[in-house]
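Chemist: Sequence:
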Amino acid sequence: RVEIEDAVEADKIFDVLMGTDVDPRKRFIQTHAKTVRNLDV
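First residue of the sequence shown: 1, per the numbering used here; consecutive thereafter.
Certain hints may be false.
Computed Cβ-Cβ distance ranges for the label pairs, DEER-style [to be verified]:
no.	residue 1	residue 2	range
1	1	26	27 to 33 Å
2	33	4	27 to 33 Å
3	12	39	21 to 27 Å
4	4	30	26 to 32 Å
5	34	7	26 to 32 Å
6	13	41	15 to 21 Å
7	4	39	16 to 22 Å
8	5	26	25 to 31 Å
9	5	41	20 to 26 Å
10	40	19	19 to 25 Å
11	39	14	17 to 23 Å
12	3	41	26 to 32 Å
13	8	41	26 to 32 Å
14	4	40	14 to 20 Å
Since the hints were derived computationally from the structure, they do not count as laboratory data.
For glycine and all other residues, C-beta sits at the position ideal for the given N, C-alpha and C.
Work the whole structure out from these sequences, hints included.
Modeler: What follows is the structure in structure tokens.
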């Protein structure tokens with residue numbers, strides 16, 4: 001559940017992961033790849 005105080009940060013992350021610009025998404029995945037605990041492919 002996203003609280004109001006987290007809404008701005010959630011919007012930024014959503015835009016990175018679901019937006020049309022590939023480069024930020026690729027950087028996010030590369031940065032966080034080693035800390036993934038659950039992955040559904």
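Chemist: Hint by hint, note whether the structure agrees.
Modeler: Taking the hints in turn, this is what the structure says about them:
no. : hint                   : result
1   : 1 with 26: 27 to 33 Å  : holds, 28 Å
2   : 33 with 4: 27 to 33 Å  : holds, 30 Å
3   : 12 with 39: 21 to 27 Å : holds, 22 Å
4   : 4 with 30: 26 to 32 Å  : holds, 31 Å
5   : 34 with 7: 26 to 32 Å  : holds, 28 Å
6   : 13 with 41: 15 to 21 Å : holds, 20 Å
7   : 4 with 39: 16 to 22 Å  : violated, 29 Å
8   : 5 with 26: 25 to 31 Å  : holds, 29 Å
9   : 5 with 41: 20 to 26 Å  : violated, 32 Å
10  : 40 with 19: 19 to 25 Å : holds, 21 Å
11  : 39 with 14: 17 to 23 Å : holds, 19 Å
12  : 3 with 41: 26 to 32 Å  : holds, 29 Å
13  : 8 with 41: 26 to 32 Å  : holds, 30 Å
14  : 4 with 40: 14 to 20 Å  : violated, 28 Å
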